[in-house]
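Student: Assemble chain F onto chain H, guided by the hints.
Chains H and F are the protein sequences, given in the same order. The opening residue of the first sequence carries number 1107 in our numbering; numbering runs sequentially from there. The opening residue of the second sequence carries number 854 in our numbering; numbering runs sequentially from there.
By construction, these hints were calculated from the structure, which means they are not laboratory data. Watch out, some of these pointers could steer you wrong.
[To be verified] Negatives, chain F to chain H, calculated, CB over 12 Å:
(1) R864
(2) D873
(3) D918
(4) E941
(5) N968
(6) R1031
(7) F1052
(8) M1122
(9) R1125
(10) L1153
(11) S1170
(12) L1172
(13) P1227
[Unchecked claim] Short, incomplete list of chain H residues facing chain F, as computed with Cβ under 8 Å:
(14) L1131
(15) P1132
(16) G1133
(17) D1174
(18) A1177
(19) L1184
(20) Q1187
(21) R1198
(22) F1204
(23) F1239
(24) G1324
(25) V1329
[Unchecked claim] Not the full set, but computed from the structure, chain H residues with beta-carbon under 8 Å of chain F:
(26) F1128
(27) R1180
(28) I1182
(29) D1188
(30) A1190
(31) E1194
(32) F1203
(33) L1207
(34) D1213
(35) E1216
(36) L1225
(37) A1229
(38) F1278
(39) N1280
All of these numbers come straight from a predicted model, not from anything done at the bench. C-beta atoms are modelled at their ideal positions from N, C-alpha and C, and glycine is treated no differently.
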Amino acid sequence: MLEVRSLRKAFGPLVAVDEVSFAVLPGKMTGLLGPNGAGKTTTVSMIAGLIAPDRGQVLIGGQVLSGDTDAKKRKIGLVPQDLALYDELTARDNLRFFGALYDLSGDALESAMASALKLVGLADRARDRVKTFSGGMKRRLNLAAGLLHDPDVLLLDEPTVGVDPQSRNAIFDNLEELKRRGKALLYTTHYMEEAERLADRIVVIDRGRVVADDTLAGLHATVAPNVPGGPVSLETVFLTLTGRSLRD
Amino acid sequence: MSATAFLAMVRKDLQLFFSDRRSVIVSFAVPIFIGAFIGSLTNDMGNSSRPMRVKVAIADLDNSDISKAVIASAQGDSNLTITVATAEEAREQVRKGSIVAAVIIPKDFGEKAGNAFFRGADVKKPELAVLFDPSRAMEAGMVRGVLAQHVMQSVAQSVFSPGSASNFAQRGLEQIERSDMNPDQKRLLRDMLTSVQRFYNQNGSSATQRPSAGLFSMPYTVHEEEVTSGQRIPYNGYAHAFAGMGIQFLLFAALNLGIEMLLERQRGMWKRLRSAPISRYTLLAARATSATIVSLMTLLVSFGFAMLVFKVRIQGSVLGFALVAISCSTMAATFGLLVAAVGNTPGTARGVSTLVVLVMVMVGGAWVPTFVFPEWMQRLTVVVPVRWAVDGLDATTWRGLPLSSAIAPTLALLGFTVLFGLITVTRFRWEEA
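Chain H extracted, bound-state conformation (with noise of 0.2 Å):
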């Protein structure tokens, strides 16, 4: 559903992303792993079409992603790492504003609202505004907000940073929905359980480069095939690809 295809984006002389490539298919998850700065963040914003690559390719359903109005940025929903909410507004108001970004309204858009808040558990919350929620029930709703528009391709962010494990187990679930409705997504995030638990393909980067792209079992068979007491951990085996020096 997703293809990355050698991307690379340069700040300057900063190379952020080089020859970036990897995949992903419908009803799975990819987590896209990194230390900070490495460069998935860059990533992310260019199959979001928020910054224009230099070199490469974003293919959605095999047709390459061009320009800020292209019609497949339909098919990409995007939750960022920064609740991308007004406080001011409803959380209904909210939906209803972006779900009009994708040019729904009337019933379609009454109907992508009621769904995309029920899956989150914020139904009975719609009207209520957004600076009353909790930051869990705001980050739930930062999620819906990706989902209005039914996209195929759901790009997240560190959507669970400071939440409350109950929150974060509540987004899990939505995920694992997700998931099973046949969406594909991509996850970054800096908790290596996280990845561990929802992941079905691991992609790490780093210094701008994928340095490994493979299953869970892969990489465990590939990195730490000889550690004694059985499987390690995806943290052990990220930092044995990462290395241990601090980035920033």
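Tutor: Relative to chain H, chain F alone:
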């Protein structure tokens, strides 16, 4: 361009604007309050039925007929409020700022002024001391001019009055004889003064009957008329005050729009907006549209209040007023976008753009009329959009000018709109890494 997305963005901005009631109240009430305050000051200044009277004290050390006549004449002047004081009291009042100026008529002023009347440079002239408050130099200048009129009139009347004309003429003849002026000049002056003596000697009885009229008087009288939109339509200072304050707060509201856009960038909102299949121009155009609507509402609410409460009227072209108001609002909206385009962070953008707005409203005539500025600055203000906006609103309200008077301000403001818009489009930081 998707109409659904465009309208949703405009509606969302308006929803956000009206959701913060305190902000709405401030946006509408503050320009009304400040406009009313400034209008109450300037309206009194311009109201012909209650002319602005400058307070002046006169200390009469001479106590002559001429000095008394000067005081009486000045007391009858509608531009002045004259009090008689001692020299020390007068000086102290000026020092305290309770009066604008004080005039000290020295001893023997009347005698010396009468003698100097015919003799120009040859005779030491009496010195009239004018003490003035340096912070009110403009009013002091007015006092000097008005005073010159009363002194000239009083001295002339005294010199040529039946009782004293012959004496002044005789003394003048004596001084002429003693002077070293050339014979031709002496002869001409002698002829004139002799004629004056002869006139009063021959017409003494009839001239005495009209002593106050004298032979000479000021050769003109002044008819003062405010030039407003029409006869018997008084100047309404609130019109200018509300125009100035309205524009000032439009710009501040626009500045807040720009800051809000920068904050949205910080909060990651632009990532979500840009990830939607919407063109950059639609995003900016929607913002410009909502900001224009808010600006226009602010201006119209301010003027609506001024019309209801302070009887401000659009004495000129209503269409012209609408054109200026709309173009002013589009200018303010694109100014807000410009702030977002060139500002790095909300903090720095707020500081710099607040300064820019204050300078624009100051030199653009929103606070005080531009004529008080040096000429070079008055010429410079044509590059400030506020100047055009104030001129346009003034023209269509209290000046009562036709549609043609609104064309140049409208075009200038639309020009600024295009300029700000172009800079925004070229400088806006689109990439959201």
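Student: All hints, please: hold or fail.
Tutor: Hints, one by one, checked against the model:
1. R864: violated, 8 Å
2. D873: violated, 6 Å
3. D918: holds, 78 Å
4. E941: holds, 65 Å
5. N968: holds, 82 Å
6. R1031: holds, 92 Å
7. F1052: holds, 89 Å
8. M1122: violated, 5 Å
9. R1125: About 4 Å separates R1125(F) from the closest Cβ of chain H, which leaves it inside 12 Å; violated.
10. L1153: Non-interface label stands for L1153(F): nearest chain H Cβ at 24 Å, farther than 12 Å.
11. S1170: holds, 39 Å
12. L1172: holds, 34 Å
13. P1227: holds, 46 Å
14. L1131: Since the shortest Cβ distance to chain F is 21 Å, the answer is violated.
15. P1132: violated, 20 Å
16. G1133: Constraint on G1133(H) not satisfied, violated at 22 Å.
17. D1174: holds, 5 Å
18. A1177: Cβ of A1177(H) sits 6 Å from chain F, so the hint holds.
19. L1184: holds, 4 Å
20. Q1187: It holds, given that the least Cβ distance between Q1187(H) and chain F is near 7 Å, below 8 Å.
21. R1198: Because about 11 Å separates R1198(H) from the closest Cβ in chain F, which is outside the 8 Å limit, the hint is violated.
22. F1204: With Cβ-Cβ at 7 Å, under 8 Å, it holds.
23. F1239: violated, 15 Å
24. G1324: Violated, about 30 Å.
25. V1329: This interface hint is violated because 29 Å lies over the 8 Å limit.
26. F1128: Nearest chain F Cβ about 19 Å off; hint violated.
27. R1180: holds, 6 Å
28. I1182: holds, 7 Å
29. D1188: holds, 3 Å
30. A1190: holds, 4 Å
31. E1194: Where the cut-off is 8 Å and the nearest Cβ of chain F is about 4 Å from E1194(H), the hint holds.
32. F1203: holds, 5 Å
33. L1207: holds, 4 Å
34. D1213: violated, 14 Å
35. E1216: violated, 14 Å
36. L1225: violated, 18 Å
37. A1229: violated, 21 Å
38. F1278: Violated: closest Cβ of chain F sits about 22 Å from F1278(H), beyond 8 Å.
39. N1280: Not OK, violated: N1280(H) not within 8 Å of chain F, min 18 Å.
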